[in-house]
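Chemist: Sequence:
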Amino acid sequence: MENNRANQGAKTGYHHGDLRNALITAGVDLATDGGPARVVLREVARRAGVSATAAYRHFAGQGDLLFAVKIQAQQMLADAMERVAVAVPGAGGPGATAERRLAAIGRGYVGFALEQPGLFRTAFSHSLPAGEGEDTGWGGVTPPADSPQYRSYNLLTEALDELVATGRMPAPNRPGAEAAAWSTAHGLAMLLIDGPMNRLPDADRDAVIERAIDTVVAGLLAPR
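Residue numbers (our numbering): 1 to 224.
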């Protein structure tokens with residue numbers, strides 16, 4: 001069934017003259033099944049119904065392909081976070097809404113890792129586009145706002161800024177808040193999918209997630 005779906009997608013891509021996207025779609029399917037290690041250029045080409053030579057016209061090599069799939073996985077992660085945040089009710093005023101939105105973004109982040117562990121691992125795999133020797137996207141300070149690779153991070157930044165703007169978070173708590181919130185959510189996600197917490201019963205797992213998120217939010221909002 002997977003091969004049929006991949007071949008159908010390749011035919012659609014050819015019809016529109018967009019082989020690159022057909023190859024990326026095949027790579028996303030492979031990443032979904034087995035993480036970044038499964039994203040092999042020859043297998044992607046086979047699933048798309050083309051030769052490896054044809055695939056090399058669009059990707060310089062394995063790292064280039066994996067980087068494109070990584071960007072797609074990052075976009076899917078950000079979409080999941082955004083869906084949860086948009087569903088937050090607006091009752092209780094702007095400050096309360098901003099607080100619930102931050103918590104929802106955290107739940108969306110961890111929830112994506114649990115539902116799509118292969119894509120989550122791929123989203124944070126070490127891969128670079130062709131011609132780049134090191135990852136300079138962060139610029140030593142903050143990721144660029146217009147980069148799809150960092151959209152999930154920028155959603156977090158916007159949520160934190162909103163907390164300050166509504167008066168819910170004390171301004172002195174704002175510096176470095178991204179690191180505290182992101183590292184907690186990411187570390188928890190990794191413990192749940194690849195660590196000792198992966199055997200927790202669903203109810204216990206959900207309780208751990210809520211407790212961790214509540215603790216981070218409470219810490220960020222507490223006056224110094």
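It should be emphasised that the hints constitute simulated quantities derived from the structure, not laboratory data.
Idealized CB from N, CA, C, for every residue including glycine.
Don't take each hint at face value.
Said to hold, decoys possible - Per label pair, the in silico range of CB-to-CB distance:
1. 165 to 199: 40 to 46 angstroms
2. 52 to 94: 52 to 58 angstroms
3. 206 to 53: 28 to 34 angstroms
4. 210 to 92: 15 to 21 angstroms
5. 175 to 91: 28 to 34 angstroms
Chemist: With reference to the structure, classify each hint as holding or not holding.
Modeler: Each hint tested on the structure:
Evaluation of the 40 to 46 angstroms hint for residue 165 and residue 199 yields a pass: the beta carbon distance comes to about 41 angstroms. One distance hint, 52 to 58 angstroms for the beta-carbon pair residue 52 and residue 94, holds here, with the actual separation near 54 angstroms. At roughly 49 angstroms, the beta-carbon separation of residue 206 and residue 53 lies outside the given 28 to 34 angstroms, and the hint is violated. In this structure, residue 210 and residue 92 meet the distance hint of 15 to 21 angstroms, their C-beta atoms being roughly 19 angstroms apart.
The hinted range of 28 to 34 angstroms is satisfied by residue 175 and residue 91, whose Cβ atoms lie roughly 30 angstroms apart.
Hint 3 alone, counting from the list given before, is not met by this structure.
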